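J.: Sequence:
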Amino acid sequence: MPNNIVFNNVAENLKTQIYGTTSSGTVTALLVDNNGNVQIGGSITSTVTGTVNVSGGSITSTVTGTVSISDGSITATVTGTVNVSGGSITSTVTGTVNVSGGSITSTVTGTVNVSGGSITSTVTGTVNVSGGSITSTVTGTVSISDGSITATVTGTVNVSGGSITSTVTGTVNVSGGSITSTVTGTVSISDGSITATVTGTVNVSGGSITSTVTGTVNVSGGSITSTVTGTVSISDGSITATVTGTVNVSGGSITSTVTGTVNVSGGSITSTVTGTVNVSGGSITATVTGTVNISSGSVSATIAGHGFTSSFATLTANASAVTNTSFSFDSSQFGYNNYSFYVKNTGTATVSARLQVSPTTAESYYVNDTTAEITLTPNQAVVLAPGLFLNYTRLRVLGTSDATVTVEGYFNGQN
Numbered sequence: 001m002p003n004n005i006v007f008n009n010v011a012e013n014l015k016t017q018i019y020g021t022t023s024s025g026t027v028t029a030l031l032v033d034n035n036g037n038v039q040i041g042g043s044i045t046s047t048v049t050g051t052v053n054v055s056g057g058s059i060t061s062t063v064t065g066t067v068s069i070s071d072g073s074i075t076a077t078v079t080g081t082v083n084v085s086g087g088s089i090t091s092t093v094t095g096t097v098n099v100s101g102g103s104i105t106s107t108v109t110g111t112v113n114v115s116g117g118s119i120t121s122t123v124t125g126t127v128n129v130s131g132g133s134i135t136s137t138v139t140g141t142v143s144i145s146d147g148s149i150t151a152t153v154t155g156t157v158n159v160s161g162g163s164i165t166s167t168v169t170g171t172v173n174v175s176g177g178s179i180t181s182t183v184t185g186t187v188s189i190s191d192g193s194i195t196a197t198v199t200g201t202v203n204v205s206g207g208s209i210t211s212t213v214t215g216t217v218n219v220s221g222g223s224i225t226s227t228v229t230g231t232v233s234i235s236d237g238s239i240t241a242t243v244t245g246t247v248n249v250s251g252g253s254i255t256s257t258v259t260g261t262v263n264v265s266g267g268s269i270t271s272t273v274t275g276t277v278n279v280s281g282g283s284i285t286a287t288v289t290g291t292v293n294i295s296s297g298s299v300s301a302t303i304a305g306h307g308f309t310s311s312f313a314t315l316t317a318n319a320s321a322v323t324n325t326s327f328s329f330d331s332s333q334f335g336y337n338n339y340s341f342y343v344k345n346t347g348t349a350t351v352s353a354r355l356q357v358s359p360t361t362a363e364s365y366y367v368n369d370t371t372a373e374i375t376l377t378p379n380q381a382v383v384l385a386p387g388l389f390l391n392y393t394r395l396r397v398l399g400t401s402d403a404t405v406t407v408e409g410y411f412n413g414q415n
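Position one of the sequence shown corresponds to residue 1 (full-length UniProt numbering), numbered consecutively onward.
Certain hints may be false.
[To be verified] Pairwise CB distance ranges (calculated):
hint, residue 1, residue 2, range
1, 363, 244, 19 to 29 Å
2, 387, 131, 57 to 67 Å
3, 281, 261, 31 to 41 Å
4, 236, 259, 21 to 31 Å
5, 365, 261, 55 to 65 Å
6, 251, 365, 39 to 49 Å
7, 344, 101, 51 to 61 Å
Hints are computed from structural coordinates only; laboratory data are not their basis.
Computed from a predicted structure; not experimentally measured.
The beta carbon of each residue, even a glycine, is placed where N, CA and C say it ideally should be.
Construct the complete structure from the given sequences, taking the supplied hints into account.
T.: Written out as structure tokens, the structure is:
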């Protein structure tokens, strides 16, 4: 008997509904939004319990599109050792990552060994964290030998009321390899935090740890924190942090702390900002609680720009005063290249003004500067630039009559 069933052979008309089953046995259809994006109400979890060995091969995870986490989670966990030798582990997102009230978590409980291979994480797009978290944790030792661990974001990083946290509880060893973190774009922190913590020892020998931001860093009511609890040893290697752009801190903080000893032997620790640093109602703090040992190496902090300091005081004096009013400043502070005093007579009587210098704050040590004494009539102003340099420079004013004289003095210094 002939078979009269005809199958549809047009590919685009071959459609089927995909269903999933929950742990309780409930069958649910897979949903998409109006743009065709898969909707997941819950979590995506990837777990390896054991050892991961990559030798001359690769493990690759790629998302081309937008990743949005809202009250859900994406979790990747390895409980065991990760060995990468001449191979690669690569995670790539080409699109935007949005985390709102949810979490992206990557955890390794064990040792990470990279020898002649690479672990690479790349986001080409914007990372937005609002009320959620992105967390990367290694509980164990990280050893890089002629290999690399690289994290790159080409886009903007916005953290608002959420957190990005990277933690290593163990030792970090970099020998002839590199750990590199790069953001090409703007980093904005508003009531959130970016935190990097190493609880253990950091050893860099013939390799490098590099962190680079090419763009602007904005911290408003939030924090960027880097902490090492242990010893930092650099031997023929380097730790480099670079910002090419502007750093704005308003009501927030940037904090770098090492609780332990820093040893630099034939290597370098370099921190560079090529741009302007603006701090308003916030703080930038770098602290080492321990000993810093430098042998044939260097520790450098550079800001390519000019810092500017301004101080103001209102002075009153008269001719019969036993101690004439003066406005002093520590001119050695911050390494000033240029500084001067602006003086304005805001009173109704004539006043004289001159600069004095001293190696100490003791009154008897002050001597007159080579700048001539200037007489100012009411509302007259002058700028005095010192001709001599000592530790302290002060502006001294004296009334020419018994009438009380009021003078405004400004110190302006540039380094």
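J.: Give a verdict on every hint.
T.: Status of the hints after comparison with the structure:
1. Our hint of 19 to 29 Å for residue 363 and residue 244 is violated, since their Cβ atoms are close to 48 Å apart.
2. Between residue 387 and residue 131 the Cβ separation comes to about 59 Å, which falls inside the hinted range of 57 to 67 Å.
3. Range check, residue 281 to residue 261: about 34 Å between beta-carbon atoms, so the 31 to 41 Å window is met.
4. Between residue 236 and residue 259 the beta carbons are some 25 Å apart, a value that agrees with the proposed interval 21 to 31 Å.
5. At about 40 Å, the CB distance of residue 365 to residue 261 disagrees with the hint of 55 to 65 Å.
6. Evaluation of the 39 to 49 Å hint for residue 251 and residue 365 yields a pass: the beta carbon distance comes to about 42 Å.
7. Between residue 344 and residue 101 the C-beta distance comes to about 57 Å, which sits within the given range of 51 to 61 Å.
Of the hints listed earlier, those the structure fails to meet are numbers 1, 5, in rising order.
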